[in-house]
Amino acid sequence: DAGVIQSPRHEVTEMGQEVTLRCKPISGHNSLFWYRQTMMRGLELLIYFNNNVPIDDSGMPEDRFSAKMPNASFSTLKIQPSEPRDSAVYFCASRSGISGANVLTFGAGSRLTVL
Amino acid sequence: AQKITQTQPGMFVQEKEAVTLDCTYDTSDPSYGLFWYKQPSSGEMIFLIYQGSYDQQNATEGRYSLNFQKARKSANLVISASQLGDSAMYFCAMREGPGNEKLTFGTGTRLTIIP
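Listed in order, the protein sequences are those of chains A and B. In this text, residue positions in the first sequence follow my numbering: the first is 6, and each later residue adds one. In this text, residue positions in the second sequence follow my numbering: the first is 207, and each later residue adds one.
Keep in mind that the hints were calculated from the coordinates and are not lab data. You can take every hint at face value.
As a list, the in silico SDA-like pairs of lysine to any residue whose alpha-carbon atoms are at most 25 Å apart: (1) Lys308(B) / Arg116(A); (2) Lys83(A) / Glu250(B); (3) Lys29(A) / Asp62(A).
Calculated from the model, a selection of chain B residues having no Cβ within reach of chain A, i.e. all distances over 12 Å: (4) Gln220; (5) Val225; (6) Thr230; (7) Tyr231; (8) Thr233; (9) Gly268; (10) Arg269; (11) Lys279; (12) Ser280; (13) Asn282; (14) Ser288; (15) Ser293; (16) Thr318.
Backbone N, C-alpha and C define an ideal beta-carbon position, used for all residues, glycine too.
Work the whole structure out from these sequences, hints included.
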């Protein structure tokens, strides 16, 4: 299996631009998570989906952030408009509901820089 | 209150020595899971080891073991015979309650192995 695949790996954009981050979870995993990592706040859960349905989006910072999961193999995290404080590494992770240990498998991350 | 506390921001250890990374947690739920992840300089998050709150024995995975002291609410990671490749950030995380999908992470410990 190729693991969790994220794109782009690096994104540099200017303030006000729209940013779309993409994620392909591991086939067969029915839960998908978006995390954000910054020096100041560490790893924060933004939103997670179960069977393509958003379950908890309480970590989404504000209305500029939105996430979708149109099918079991694809999810997007969109920031519109982007701001410099959104600069961070965004991780996507997926998990199989079968595992008792509920281990999250992370993608390599998307490093976002907003100028 | 912090759910996961890692009090060692950084540690330096001589190669081949054992190292203990501290983690304490806070929960009132009797059912929970504790995880350790490694994040090398390349940025990916790598799952290391899992301990369930009802597990009778400490978890072990190769050179990694988890020193689980339930009454003290601590879940320290022990790495035996450290190697240069162990240099990385290490994160402790907790999932509270049965059926809860969310993982809450600590702030991490940066481990540096000295040759």
